[in-house]
Amino acid sequence: MPQQMSQSTDRYPINPQLLAFSYARDSAAQSGCSVLDAAFERYFNLIFPDFVGGTGLSNIWSEPKPFTVSVKVKNGECDGFPDEGSNESYNLSVSAGQAVLKAESVWGALRGLESFSQLVYQDDYNLYFVNKTEIEDFPRFQFRGLLLDTSRHYLPMPAILKTLDAMAYSKFNVFHWHIVDDPSFPYQSRNYPDLSSKGAFHPMTHIYTQSDVKRVIYHARLRGIRVVPEFDSPGHTQSWGKGQPDLLTSCYKGKVPSGTFGPVNPTLSSTYQFLNGLFKEVTSVFPDSYLHLGGDEVDFTCWRSNPNVQAFMAKMGFGSDYTKLESYYMENIVNITAALNKTSIVWQDVFDYRERIPMDTVLEIWKGVPADYRAELGRITLAGYRVLLSAPWYINHISYGQDWRNAYTVQPQNFSGTEQQKKLVIGGEVCMWGEYVDATNLTPRLWPRASAAAERLWSDEEKTSSVDKAFPRLEDFRCTLIRRGIQAEPLFVGHCKHEYSGL
Amino acid sequence: MAALRLLSVWTLLLTVTVCDGWLFDGFAARRHSESDEVALWPLPQKFQTSVDAFRLSSASFQIVHAKESTAGPSCSLLQNAFRRYYSYIFGNGRKHGKNLENVFDADLAELQVQITSADPECDGYPSLKSDESYQLEVNQPTAVLKAASVWGALRGLETFSQLVYEDDYGGTSISDFPRFAHRGILLDSSRHYLPLKVILANLEAMAMNKFNVFHWHIVDDQSFPFQSRTFPDLSHKGAYHPYTHVYTPADVKMVIEFARMRGIRVLAEFDSPGHTFSWGKGQTGLLTPCFSGSSPSGTFGPVNPILNSTYDFMTRFFKEVSTVFPDAYIHLGGDEVDFSCWKSNPDIQKFMDQQGFVVCLQLKGDTVVEVWMNNNVDKELQNVTGSGFTAILSAPWYLDYISYGQDWKKYYTVEPLNFEGWCKKLVIGGEACLWGEYVDATNLTPRLWPRASAVGERLWSDENVKDVGSAYDRLVKHRCRMVRRGIPAEPLYIGFCPHEYSGN
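Sequences listed follow chains A and B, in order. Numbering of the first sequence is given in full-length UniProt numbering, commencing with residue 1 and proceeding in unit increments. Numbering of the second sequence is given in full-length UniProt numbering, commencing with residue 1 and proceeding in unit increments.
By construction, these hints were calculated from the structure, which means they are not laboratory data. Note that CB positions come from ideal geometry on N, CA and C, so glycine has one too. Do not take every clue at face value.
As the list claims (entries may be wrong) - Below, computed lysine to aspartate or glutamate pairings styled on DMTMM-like, alpha-carbon distance capped at 20 Å:
# : chain 1 : residue 1 : chain 2 : residue 2
1 : B       : Lys410    : A       : Asp124
2 : B       : Lys477    : A       : Glu435
3 : B       : Lys253    : B       : Glu380
4 : A       : Lys497    : B       : Glu437
5 : B       : Lys425    : B       : Asp467
6 : B       : Lys409    : A       : Asp124
7 : B       : Lys237    : A       : Glu435
What the hints assert, rightly or not - With beta-carbon atoms standing in for the labels, derived distance ranges:
#  : chain 1 : residue 1 : chain 2 : residue 2 : range
8  : A       : Ala24     : B       : His236    : 49 to 59 Å
9  : B       : Ser173    : A       : Asp182    : 55 to 65 Å
10 : A       : Gln310    : B       : Asn374    : 51 to 61 Å
11 : A       : Arg11     : B       : Thr244    : 22 to 32 Å
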């Protein structure tokens with residue numbers, strides 16, 4: 001729901017034959033702007049799903065009237081990538097025969113095109129109309145992310161690309177790619193090829209090549225979506241050890257190694273040499289200015305068991321407080337990341353263990369019920385850090401019934417704190433962890449439930465406080481998703497004019 | 001000699017692999033070792049393995065009718081099945097790199113299918129009494145599948161296709177039959193319209209899991225998609241859309257025949273007197289008008305049981321239904337009847353007084369009772385069978401109730417005969433139900449499979465096949481097999497399939 005919108009009942013017919021997108025004469029972006037040229041073509045097909053092209057016999061009941069969508073962009077930068085400062089605001093004015101879309105940047109223009117595409121509808125005779133509309137819109141939160149986990153289950157490229165398409169329909173703007181973890185390492189590294197050849201589920205079929213990764217980044221860029229990769233450590237790294245021997249800590253049973261491995265070994269300089277090399281590569285492959293370093297759920301048992309680690313603890317004066325060892329590790333890798341000119345995002349565990357991190361590090365809250373995460377929001381922002389909220393949006397947790405309502409009614413700034421603190425909540429993320437999810441069930445499990453969170457992250461909270469009012473709109477939107485080829489599951493009993501025709 | 005042969009085979013296979021050849025795709029069973037896991041699902045009643053390994057060649061391997069079979073090329077059900085199972089075995093350009101190291105004992109040239117009964121039932125419909133037993137002997141140079149009727153042959157072909165896929169299995173001797181005769185899946189096409197494609201794909205998946213009853217809960221309160229010839233207004237006014245959200249007579253025929261070809265009965269349910277709101281749209285006067293005090297409130301309740309017109313309609317309607325659906329059984333529903341509307345209606349009150357009613361349900365002796373309420377299930381089964389009625393169990397298997405995690409385990413560990421009673425053989429089977437409030441074509445298939453597979457094994461296999469750990473290993477492979485065959489069955493847990501579902 002846009003920030004400001006007014007519509008009248010006046011409606012204008014649109015003939016697919018006579019709809020044209022154009023750049024306004026005073027637009028800084030013009031023809032040749034890759035993002036918008038591609039968007040014009042894409043949105044034409046999204047707006048007119050029936051249109052097969054060819055002769056104009058489809059619409060003989062109304063007079064041929066041209067309809068122009070004129071786009072004016074103030075900042076003509078077209079070849080860059082969306083990033084944290086990108087301005088996604090836009091104005092859209094629809095009147096007889098034309099829609100005028102004005103935006104600060106091409107990213108705002110994309111958001112405006114999406115809204116325009118949702119304003120066009122078909123009547124019972126399948127004729128296209130759009131109503132007189134005025135929209136002034138901008139996102140409430142600048143970071144609206146969706147996490148996919150490609151380690152617990154490999155997700156084939158079509159599944160990822162399709163998810164990016166659907167994200168754009170809901171104005172998500174960050175793809176948080178939790179690309180590797182314990183079970184598998186599908187990222188094919190240029191400099192460390194053994195990581196995937198030994199750590200992926202299958203070295204040939206269950207990997208993301210450099211060109212796959214590029215493809216994802218470009219597909220996202222054309223939709224105004226940032227790609228923030230996560231290389232989670234020191235925990236969640238079992239698969240890393242397959243191709244990088246001596247990276248993980250050897251667990252001990254008494255005085256001998258047990259044969260199993262634990263988190264990354266934080267006591268060796270070889271560890272930091274490797275991580276420097278890996279992160280150097282990763283930051284050159286992924287253009288976003290942020291890198292997610294993970295830092296969650298580190299189990300200290302293995303470290304405790306290892307005599308070399310124990311010796312290191314003594315040497316460093318950490319006593320028996322292993323959170324200090326974890327801090328030591330995290331501080332090192334956050335510094336490595338900063339030296340590579342990137343900002344780190346880490347899970348809340350890093351803050352909870354009082355680790356020393358640069359003030360521009362972003363913390364992501366993932367634990368607990370509302371009482372817990374509200375308290376955490378207060379604590380983290382009080383300390384002056386920016387924060388992302390994902391705890392209430394773990395939509396991999398399924399249950400019977402209309403649980404989209406839970407996602408919709410989250411209040412990200414409802415915690416005790418000053419206005420200044422509340423501004424530090426820069427957004428949130430919907431997480432689809434992969435333990436029970438792969439390409440067979442990803443799309444219906446994501447949509448339309450993620451769209452409920454999307455509205456919470458974009459729209460004004462007061463204007464969208466009624467779940468009951470949201471229900472019919474989300475129902476319609478779900479049918480729109482299906483029309484656009486996204487296998488979004490039903491909210492409740494009912495039907496769409498055009499049902500999903502696949503499996 | 002063997003080494004030389006192996007070398008030439010290797011060369012042949014290598015050459016062909018390079019040329020993207022399909023001619024000599026070789027499939028073999030690796031030399032069987034103790035640690036090899038059998039990934040048959042559901043697990044057959046009896047099977048034995050030997051250490052022999054066989055190779056099949058897609059160029060020359062055939063599935064044929066045995067000379068002594070009472071069925072032959074005119075049996076279209078088997079002809080279709082032979083083709084279908086051939087493509088399951090050899091289809092989708094499967095890679096077989098790992099087989100190149102195997103030592104093959106011999107070629108398996110063909111699978112002979114022998115129907116032994118005088119009447120193979122090729123052109124008949126499956127029924128509750130159908131004999132689904134079969135014997136499968138895999139020895140060189142032919143494998144032989146023996147079954148009393150085509151229904152057993154279908155079950156045996158499925159098992160054979162699971163042996164070959166696995167590649168880990170060598171010589172085999174299987175003797176199999178289902179523990180329960182009624183093994184059903186319920187789909188609800190009223191809460192959400194289900195396009196034909198998704199119904200047919202799930203019938204295909206049912207056959208992979210040896211389910212044999214499609215319980216089609218075709219109409220209900222929300223919509224009436226069944227297009228009736230006798231009462232066209234029922235769907236014209238009661239469907240979500242009279243043209244796009246209906247099942248025409250041709251659609252229904254297609255479903256029935258598609259099911260028949262897979263040994264699946266189509267059991268239609270026309271639920272009444274409750275769950276009939278959509279019926280009243282096209283059949284005015286059928287439903288009870290509810291009253292608010294002494295005047296009609298404008299709303300309607302269950303079917304009006306006091307009017308002759310009701311029974312006239314039902315007679316004519318069910319006459320059509322019984323000609324459309326060939327199965328010997330029909331499901332009449334009878335669940336969740338809310339009495340408040342009846343109570344409010346003065347005509348009904350008068351009728352009740354006149355009849356002097358004590359409400360008493362009298363079932364005919366051959367009625368089957370479906371137990372669905374999930375409280376005191378064992379007591380209910382005890383009562384139903386104790387009163388002499390046959391029972392079907394679905395209460396613990398409402399798969400529409402989703403939750404986070406591996407819930408297939410709780411479906412797998414249900415023991416249908418776990419109640420006190422003398423007449424347990426009256427429990428003829430069970431059904432996994434996927435009610436449609438939150439389900440349509442977008443999420444049906446992954447929600448149903450492989451969770452329903454757990455129910456499938458519970459209903460087919462021996463009651464002592466209940467170890468969840470070893471079931472997990474087999475089910476993971478069976479699930480990947482379904483994915484390979486185009487069914488988007490969702491994952492059980494972390495892991496991967498050699499061929500992932502690439503989706504649409």
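**Q.** Broken hints, by number
**A.** When the structure is compared with the hints, numbers 1, 3, 5, 6, 7, 9 turn out to be violated.
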